[in-house]
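Could you slot chain B onto chain A? The hints should help.
Protein chains in written order, with the numbering used here: chain A, 204 to 1094; chain B, 209 to 320.
Be a bit skeptical, because a hint or two may be false.
Only pairs whose alpha carbons sit at most 25 Å apart, straight line, appear in this in silico SDA-like list of lysine to any residue [stated by the list, open to error]: (1) Lys248(A) / Thr275(B); (2) Lys418(A) / Pro489(A); (3) Lys880(A) / Trp818(A); (4) Lys248(A) / Ile249(B).
Hints listed in this document are in silico derivations from the structure and should not be mistaken for laboratory results.
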Amino acid sequence: MKPQSKNNDDAMSLPPRWADWLLETCLTPRLLEDVQGDLHEVFYKRVNEVGVAKARREFGWAVLHYLRPYFVKSLQRTDKLTESEYPSPECRTTFLLTPAMLRNYIKIAWRNIAHNKSFSTINILGLALGMACSLLIGLWIQDEFSVDAYHANGPQLYKVMERQFYDGKVDAGDGTPALLADELKKEFPEIAYAATLSWEEDRTFSVGDKLNKEKGRAVGSDWFKMFSVPLLAGTAETALNAPTKIAISRKLAQNYFGSPQLALGKSIRIGGKDDYQVSAVFEDVPANSSETYDYLLSWQDLLKRNEWLKDWGTNALQTRIMLHNDRNGVPADPGRLEAKMKSFLKSRNPGMAKKGLDIQLFLQPYQDAYLYSNFKSGYQDGGRIEYVRLFGIVAVFILLIACINFMNLATARSVKRAREVGVRKVVGAGRGLLIGQFVGEAMVLTSIALIIAIVVVWLLLPTFNSLTDKHITFRFTDATFWLMLLGMTLITGLISGSYPALFLSSLNPIRVLKGAVRFGSGARLFRQGLVVFQFALSMLLIIGTIVVYRQINFIQTKNLGFDRDGMLYVSSEGELGPKYNTFKDELLRMPGVQSVTRMQGTPTNGFGSTGNVQWPGKDPSTSIQFQFSTVDYDFTKTLKVKVSGRDFSKDFGADSANFLINETAARRIGYREPIGKPLTMWGKPGTIVGVIADYHQSSMHTPIEPFIAKLGDGQIIIVRTQPGQTKQALASLETLAQQMNPKFPFQYRFADEAFQTLYRSETIVGTLANYFAFLAIFISCLGLFGLAAFMAEQRTKEIGVRKVLGASVTSVVTLLSQDFLKLVFVAIVISSPVAWYAMSRWLQDYAYKIDIEWWVFALSGLLAIAIALLTISFQSIKAALVNPVKSLRSE
Amino acid sequence: MRRAFLGEFEEIVLLVVAACPAEAYGVTIWEDVQQQTGRSITMSAVHATLYRLEEKGYLSSTMGGATAERGGRRKRFFTLTALGVRALNDIQEMRSRLWQAIPPGKFQLMGF
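So here's chain A without its partners, still in its complex pose (with noise of 0.2 Å):
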């Protein structure tokens, strides 16, 4: 056996500290000495014996015997004990947090709820407003989060995106050339995958008899190896390596074959002619994805059919690629290979020196992709992250609004519990007891919020839904949203809390229990300055919601330069495209139908930008990028734009090398009189016949860009109905559709409809921003009622004794309203500055915008004050119409 150590400085050879600790906490202190004694004793006993490390486990093992209900001090029924002797000093303290006490703190903090009913609703109602409120944009703000995160490569993948130096600009878009995928994976051998990724297409797909529309994408074939796709059927290897695969989601597979399993090999014909064979059947694209496709079809098929994206000079689609791991897990350097392929494009296309423009490859991370979207100048700026920000900024905003409710009212009201705790004091309540107190007290109303907040959600979101245009639940199984509800609690019910908590348990018990509470000024000055901090949050809510209605109005109402009412986009597919021109003679003859031209892409979504064209004067160093497209005849009669000079016409032969151009384009190419002038657009030359009045291509975000149209075919047929006679043009349309092209179900799009979605991110947070306006101020205005009332309540002798000596309802309204209005009004002025500043920002994302006039911050302003005042009068007049006998009765 070892020599023993009777050293008790050895730490080693003590009883386990955590036991001891765990007996001193949980014993009741009567019989905590002896007890332990007893345990030491016998450890020492042991520690001869057996050795030390046995004696320590036995000695903690026996400890936890002790942890139940006899020996446990809150469950102690210390009532029955004969007492032989007082309890050591130090053991008197922790009585305060007996069962008894506890009781009584709960008792009273439902007689003070239960007493002050209209206190309570006012302080629960705001704080679940608040709450459900906050609680709606946390979740909104996680599912803003959660898309694209679900990659289990995730931190391995990246967009490859081009800047794009041109004309003296910067430009930075996810456009690239077709064939960078495949070239980058074979040129860098830190890329483990790359896939290509076209834009969506909406295209008819015929299994039998079924007939329907479906929208997908065409990808390289190393999609399903790099995303987190899970397939049904079929594997990843396999899937789209052939240019007649094609890989369908599993809604399609249910639709046209009934099951997964049964879809794989089977045929379906595409755009009436093409049959292609499904390949494999993937999960269905969840709803935070960023990008949505019901089929995936071959890169392969997508270049057979696109002749022209082997240029390397399109930048027509997206190219993803995954990073190798080394073998040790850590992914290669993005930091390095983007250095290294920077210059990449200029050894494949040479020709764009020449050109004056230089076009450099960078990476973004993939999953930061949907949230920093935004490039200004080249450079990454924002994007909806900003929207994230701003409402997380709202959530917080009204969150506090509530608090301050809160913090207000019980400190107005802490008069009334001055005494409570005077006495309590003086029964030998230590201050940190005291605010124990309070603080729970605020969290058992926070409590009782979140609950009826929850509720509230929980019946708010599917038209939160539908508003916002996600698929958000309530996921209970999630432990982030138990930690989100926690931490909400927790923080909602300390800040509302402390306050009142640290004020009322600052209290001088000897002065309080004689009666003369004198709350100093700094109290008033803080509630006042509460309310300021309050109103001036609701103010700048009000101010940006009618700066964010008037811009998105603007942009709505504003002339684009073509009339967008009336005008109806169809898809030109099938036997409409080469059959177009008896068609086109057809349907003019129909009821309803006005003019008929197409063109590629819409007025609103521009098909594509070229710096290929030149003129005679043309500075070879410049390259200035053009909008283009391809138009058919009757293009601005049908638009409805002005034109000087002439519209391509039949009556002129040649005019397939001419071109339109808009005044954009007039002024960049610097011709003084440019009809008749020549231009030379892809080497091709040709006349430029007419100049078409600017207007709007893309949203009021972009100013308009230099066009040129061309005469040929195009994708979208525009309709222009007679006016109010929309219904009549539609059943000609289908009629007429179905009868030439009757495999294609036929579908068309409102012109001002298409116009909407542009703006539809600015939409939804008009929407929402309205709702948290209108909810801020209604929580501010809960809290000013009830401290109004309170006011009125206190004051209601001198109300009385002003009354007998003769004062009237008015003035004494007026008495009771001014000194609130004054701290409106301090709110108006403080958060004027601030609100124009952020909101001037807000605009700056628009090329076409308003102006903030100074009537917005009055209108605002009035608005505030009507609202306050309205809140207020109800409580002073209600106060300056009391019977003076009656409140000065008791006296």
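Below, chain B alone, put in the same frame as chain A:
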């Protein structure tokens, strides 16, 4: 008189306290109980029983003086009260009455 119910383990603890020649406290009682019964018993069980017996009035306890060997903590010494003595006597009496009531020769008949 209401006869307080005394469980088997309580009875053993009470007897051990009664039988202890020196002053009885937690550790000695615990060791004796284990020794006499031959069972392994946790100390918390002994402590709980001791305090419960005290609540019932069969035992009384006093705190001893400060000690050196157990971190200065005092021992709680237990002694039988008059009620405790009477309870033990009652049990003993009841038992002997019952023993006497067994018909002579019954155990032999059963083969013992």
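Hint check results:
Of the supplied pair hints, the one linking Lys248(A) and Thr275(B) holds, its CA atoms being roughly 15 Å apart against a limit of 25 Å. At most 25 Å may separate the alpha-carbon atoms for a hinted pair to count; Lys418(A) and Pro489(A) meet this at roughly 15 Å. For the given pair, Lys880(A) sits about 9 Å from Trp818(A) by alpha-carbon distance, which is consistent with the 25 Å threshold. In summary, the hint linking Lys248(A) to Ile249(B) is supported, as the alpha carbons are separated by about 17 Å, within the 25 Å threshold.
Every hint from the earlier list agrees with this structure, and none is contradicted.
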